[in-house]
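Protein chains in written order, with the numbering used here: chain A, 1 to 508; chain B, 1 to 126.
Calculated from the structure, these hints are not laboratory results.
Pairs of lysine-lysine, DSS-like flavour, derived with a Cα cap of 30 angstroms:
id: 1; chain 1: A; residue 1: LYS416; chain 2: A; residue 2: LYS497
id: 2; chain 1: B; residue 1: LYS117; chain 2: A; residue 2: LYS10
id: 3; chain 1: A; residue 1: LYS56; chain 2: A; residue 2: LYS11
id: 4; chain 1: A; residue 1: LYS51; chain 2: B; residue 2: LYS117
id: 5; chain 1: B; residue 1: LYS122; chain 2: A; residue 2: LYS8
id: 6; chain 1: B; residue 1: LYS117; chain 2: A; residue 2: LYS8
Example chain B residues on the side facing chain A (calculated, C-beta under 8 angstroms, incomplete):
id: 7; residue: GLN6
id: 8; residue: GLY108
id: 9; residue: GLU111
id: 10; residue: GLY114
From chain A, some residues computed to sit far from chain B (all C-beta separations above 10 angstroms):
id: 11; residue: ASP109
id: 12; residue: LEU285
id: 13; residue: ILE298
id: 14; residue: SER313
id: 15; residue: GLN330
id: 16; residue: ASP478
id: 17; residue: GLU500
Glycine included, each C-beta is placed from N, C-alpha and C at the ideal position.
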Amino acid sequence: MSYEIIEKLKKEIEGYKDKPEWAEVGRVIEVGDGIIKILGLRNAVSQEILKITTKKGERTALALSLEEESIGALVIDDFLAIEVGDTVKRTGEVLSIAVGDELIGRVIDPLGAPQDGLGDIFKNSKAPQRNPLEARAPSVLEREGVNTPLHTGIKAIDAVIPIGRGQRELIIGDRQTGKTAVALDAILNQLHDKGRRRPICIYVAIGQKESKIVKIAETLKKYDALQYTIIVSASASSPAAMWYLAPFAGCAIGEYFRDKGEDALIVYDDLSKHAWAYRQISLLLRRPPGREAYPGDIFYLHSRLLERAAKLSKELGGGSLTALPIVETQLGDVTAYIPTNVISITDGQIFLESDLFNQGQRPALNVGISVSRVGSAAQTKAMKKVAGKLRLSLAQFRELQAFVQFATDVDEGTKKKILQGQKINEVLRQNDLEPVPFEEQVCVFYAVLNDYFEKVSVAEMKKTENSLIENLEKFHEDDVLKPIRETGQFDEAIEGKLKEALAKFFEK
Amino acid sequence: MRYSLQNYAEALAAAIREAGAEQKDTVVRNFLTLLGKSGDEVHAEKIVKAAERLLQKGDGGREIVFESARPLESSNRDLLSEIATAKDAVTLRVNPDLVAGVRIIIDGEMEFDGSLKGKLDKMLSV
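With the rest of the complex left out, here is chain B (with noise of 0.2 angstroms):
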């Protein structure tokens, strides 16, 4: 990449946050701009993706993944209303390979696991 991805996401968080509505195509046209010239449209969905984040944690928003083992039931819907605000991305993932229980984790950085894997894990580790 020409630039970092850091960068890119955060110039077009910034031209996002400036810009009035009746601006948003021009932003999106100068963006899609400067990737092709600078040869980096291949990157085109991470670097969207990179300064959506930037744009929720600006505004207090968190990005959270809650992984389950099984599809969320009504018990699992409450735990996630008590940590999610309206804000948050929430993204819902069924991971077999939890085996059981769930597993929380905020913008990539903190983790909560409850999942019947890790206990197994930390278990035979000891």
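Next up, chain A with everything else stripped away, as it sits in the complex (with noise of 0.2 angstroms):
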């Protein structure tokens, strides 16, 4: 075995090839929270890695100020070790991480560093493919509209603000309102959704708790979704480089997939935090702070990184990266600055509101203001024939909500109306981690709406529901729940079956 180290180090020593040149060099003239100073390099550009010579070994930097004098420079690794006076020297390089298949199921920082003690991700010998974390978005002429739907598992979201591969929709709401939990669920229903190629997902926690991330990935791990995610993980300890640069490292993973054809979803939970990182960063680089002391540039910041998420034309292959942002808000504020720009730049939002999940309708989606710009562009055939009179139902519930509690004192028809809403909203009432395949949602919306559940009390709803899926998992296979998920159409033959199962069902 010695021998064997001592024949691979003299072929290392051999194959070592000495040809000092002439290099561009800086020097640090100043150091302090991640940032440094350096003098020189007057040919580097921005955004590329500058490699610090110190005492305890080399560092590395992101050239992100030129400025005319000196370069502001971000550290990414250890700055502590980082002194006045030490040499600087360029690398000619863009950050970039290593992307391939061997990241699935595995924890990385953004660095492309494993967290999660598993040993090296790239274990052969061949060089890994490398993406740039800056990357320019796809072209109008590179893309394609959205036509194919990304299910969540939620029914209020599937049903009412359907989300389409390639689409960009953002997740709204207060602190403990069941953000990630609605992001969760979108991941895990891909193990269930068979009818459709399976994206691999892409969970990117920014300045998360690291028992939050650990709680996620054993989630992911106990639902059997972890064969098809990878998680990026720069969490709350981790220096605001490692906040900034999660989410582009991330997004260069999704575009490997994308590039290959593949589909892929991306999660950023969540970009205040990470507007937050960009903010400290940039007043250290002492650039003018402009409203709320975010720089100038942060609309743009996320406007790169959401722009990325895109549905590619088939001449490229056919790929998609769908993204799913995450915005906190403060006190249901989504007219604050970082909102409103990310509401601006994405398709569609989904608001969750704190006083929805109190009253207990969970997940606390507000269907009202909710939208999705992609529609049912985005929707099966099957979904798309519920839909339409579920949003209808459930509008007309809104507006007579005020007369719920005189309910005695309107007409049959009115009363009619409030009980089939509220009974749509127990129906749309789901817990986390239970995401329902589409074709099981077509059938329960499809019984709702045609009043099958007429002699079922709101109070019973939920479980008769639960019991009517059972049914139609046990019973009804083949010929219903199959052809739609397969087809995805409802055609009169399958809602002839569907009809049976249901007569049969509410018989008993």
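Put the two chains together into one complex, using the hints given.
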């Protein structure tokens, strides 16, 4: 064994070609809080990786501010080892991350280093493909319209606020309203959405507690979702540089799958913390602060990130990258700076409200003000058939809600609409980590909208719905669920079979 | 500092260039008065060094730092004379951290690392 090591060392030394050349160098003139100021390196480019020679070894920094007399750089490694006077060299490269199928099932940091204690990621001797963290978004001609659904398994979303592959749908709400739960359900449901190509899911944790990230990883493992998920972790204890780079690293990984012709789903949890980190870095670089002390290009930070989520044209492989950015609001204020920025960038938003959460309406979606700008283009024909009527019923119920407390004083027609609205709301309630496949959703909505639940009280709705789903899974998998799942259609034949099944179930 | 180091150095270098031999005392006195007024006397040495570099650059000279692991031998002095001209300001430094060989830094911007330390660092980083 030791003989093999010596032989390997000899080979490395023989193969080493020494050719000292003139190199451009600079000198550290200021260091602190993860930022260094460098004198020299006149030809350095923006986002270039710089190497700093310290007494404790080499450290890496990213050139961010190219000023007249100096360069402001963000230290990616441990900045405590850097001293004034240390030499800095250019590498001529921009920051990139190793990508490949080997990342699936792993937890990594924004630089690609494994965080899960399972050893090296790329074990082959062949160097893996490296994708730059900053990349150009696909142009108009390189894209195609969003036309394939991405089912989240959450009934309220799949029916009323449908998401398509290649869309950017914002999840916005106060703290502890279930934003991460919605994203997690979307990831878990990909295991059950068998009618379509399964997307690779990437969960980017920005400034989250380590305990929360561990819980998420364990949940994904428990529900068998880790086999198609990658976690990029920049936890609360990591420096602002990691928080800043994490979404770009996740996006670079997502682009690898998108450009291969596959589908990918990326969750940014959350972009509010990402904005805080960028604000911190910009203030330390002495960039002029703007509104709420954010730098002037805070909009561009998120727009260039989210524009990389797209559905590519067939000529480029037809792959897609769907983004679910999460933004946290304070006291429901969606008119604040960062929320309004991200709302204007994304293709729709899912509002989660604390009031609804506290009333027991979970997921606490405000269906009235949530929107998906892609809409029914991202729905199967089967879901489209029931969703239109569902939306109308819900809208009528919302209008009539003020009369709920006076239900005895209104006419029969209004009473019926109010009752149906209450039953639909009950159907839309759902526990987290229990995504419902879309074919089952179609059947349940059809039953509610066609008054099959007429004799069921509002309090019994949940129990009856669960029994109905169990019944369909046990006895009508082949004649009802499978055809809807495989074809995405809800034609007369399938409708007939479903009617028979519902009549039999509700007779009991 | 009230004004940046670069501003001070450029102003001092310009004043020296324009001043005749009889005005040199005036330049020095005015420079020190300015530093006293702005409270930047403590940075005087840095400013004078920076002005010196600017004047050298203006005359086509360079600042060359020649580091070696041991005091220079005749073979290395020949190398030095190939690189440096009469206009250049040369500083010789002994840096045992280099282990062997030499390192040459020109104007703090270009470096030639022919030291053994550099070679070992490069080899071990591959």
